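S.K.: Listed below are the residues making up each chain.
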Amino acid sequence: MKPFDYIRPESLEYAAQQQQRDGGRFIAGGTNLLDLMKLEVETPERLFDLNRMPMAQIEPEGEGLRIGALVSNNACAADPRVRRDYPVLSRAILAGATFQLRNRATTAGNLCQRTRCYYFYNTAMPCNKREPGTGCSALNGINRIHAILGASDQCIATYPGDMAVALYALDATVEILQASGGRRHVPVRDFHRLPGDEPEKDNVLEPGDVITGVVLPPPPQGVQLYRKVRERSSYAFALVSVAAVVRMDGERIAEASLAFGALAHKPWHDPRIETLLAGEVPSDAVFDKAADLLLEGAEDYGHNGYKIPLARRTLKEVLRNATGGGQ
Amino acid sequence: MPQTNRSLTINGDTYEFSGDPRTSLLDFLRRDCGLTGTKKGCDHGQCGSCTVIVNGQRINSCLSLAVMHDGDAITTIEGLGTPDDLSPLQAAFVKHDAYQCGYCTPGQICSAQAMLEEAKAGWPSFVSDDLDGEVKLTREEISERMSGNICRCAAYSNIVEAILETMEAGE
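Chains as they are written, first to last, in numbering that gives the first Met the number 0: chain Z, 0 to 326; chain B, 0 to 170.
Keep in mind the hints are simulated off the structure, nothing from the lab. Treat the hints with care, as some may be off.
[Said to hold, decoys possible] Example chain B residues on the side facing chain Z (calculated, C-beta under 10 Å, incomplete):
1) 19
2) 64
3) 67
4) 85
5) 86
6) 119
7) 123
8) 148
[Stated by the list, open to error] Away from chain B, derived, C-beta distances all over 10 Å, residues of chain Z:
9) 29
10) 48
11) 59
12) 61
13) 77
14) 93
15) 113
16) 131
17) 206
18) 233
19) 254
20) 271
21) 291
22) 326
Predicted model, so just to flag it, every value in this text is computed and none were measured. Glycine included, C-beta positions come from ideal geometry on N, C-alpha and C.
Only chain Z is shown next, with the shape it has when bound in the complex (with noise of 0.2 Å):
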């Protein structure tokens, strides 16, 4: 690991200034970041250690609900009113890591986390989200875990993660302090951005920028649910995942909100799937007709190829089980 300044900011106002003005990693859980420090993937100069900041309060906000940047995963999954009222969410941070490393990881790392991709994390290779202007080794390597949607010539890189495939569904708002002062809230399904020509930018944070909580809107009606296909049944991460609010009036979707993981450098979301699916009554057909707009363009780079009947099937699996129909 590379030698570092470890800063206990008195403040996050200080912590955002100073950031923005010396460069260097705000520190929460570390489950991710410490670890690509030990592979020298990561090489911050100073670390901002932000756990002592008050930022660790789950608390209502209107008819929502607002989890702090520093709840952890584990305490968000057990929390009475996200497992009452946004089951999805509880159930999306179940299904990833290990208790131990969801006592630590907390809702802002969890959101900044870092992609899988076995070649940036090897420093032996080229890597254009490592290291800018290097060549991309998944293209033309192995690529099995690899995005089947919205990837770039510069690189095809998944989000690893769950918990925000969940907020994507629920249409969560991030909350971020500015080093000016200033907030801003950026709807979730903004925030992870395609890798394009700038690979190594996975979100929109700005230098200075801190994450100080999540806002879940109002309880969605209907039902929640949380599907994730992996290789072994517990800590992996996943091939392809689905998170899904779906409300019926009768026989019929009322409203269907659906987000993707493991397809793509964020977790997908296409609004022309909810807005194909409101007022139909479900059947495969219709279903099918949801994972051909999903999978319009999908493209196979060797390796992937799997994940898109994969995709179409899961995706019909969770709009059977959350609407009854089909099949």
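For this one, chain Z is given, so just place chain B on it according to the hints.
M.R.: Chain B only, in chain Z's frame:
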């Protein structure tokens, strides 16, 4: 590099940390405190052999910096029992032969100790049918909740038995 003086309570005793901020909690425990019961396996949060209990919660001590634990209360395997006075879980691991080489065992026991408390607090897991129901620690639940602790000798079935027996004795 600025010196950083921090104070940690480990198994009830106070330890000062003033070293390189790169020092993991795991290395601090083993190298500086002489508490070598906690084991280094993968050093990347994948195997669980470094599991310790911090402020009542189990974590991977390899993925945490000692400097970040100023003021924290830490329990390691040495704090749970001694050879002459085994904790209930330690005794159950011996009785059920819940290991072969023993390298992962301190992490397994620290993890299981905290896991029993999590279940009492009603924390659900991935395999819980009902998010709101009372947690019943079945074999399936225990396996899921212990999936962060790998045993390369594959003593899993005996580990589960040891935990089940400890849990039932505690009820």
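S.K.: It remains to establish, for every hint, whether it holds in the given structure.
M.R.: Evaluated hints:
no., hint, result
1, 19, "holds, 8 Å"
2, 64, "holds, 7 Å"
3, 67, "holds, 6 Å"
4, 85, "violated, 23 Å"
5, 86, "violated, 19 Å"
6, 119, "violated, 12 Å"
7, 123, "holds, 6 Å"
8, 148, "holds, 8 Å"
9, 29, "violated, 6 Å"
10, 48, "violated, 6 Å"
11, 59, "holds, 19 Å"
12, 61, "holds, 23 Å"
13, 77, "violated, 4 Å"
14, 93, "violated, 4 Å"
15, 113, "holds, 14 Å"
16, 131, "holds, 25 Å"
17, 206, "holds, 22 Å"
18, 233, "violated, 4 Å"
19, 254, "holds, 22 Å"
20, 271, "holds, 31 Å"
21, 291, "holds, 31 Å"
22, 326, "holds, 22 Å"
Comparing the model with each numbered hint stated earlier shows that hints 4, 5, 6, 9, 10, 13, 14, 18 do not hold.
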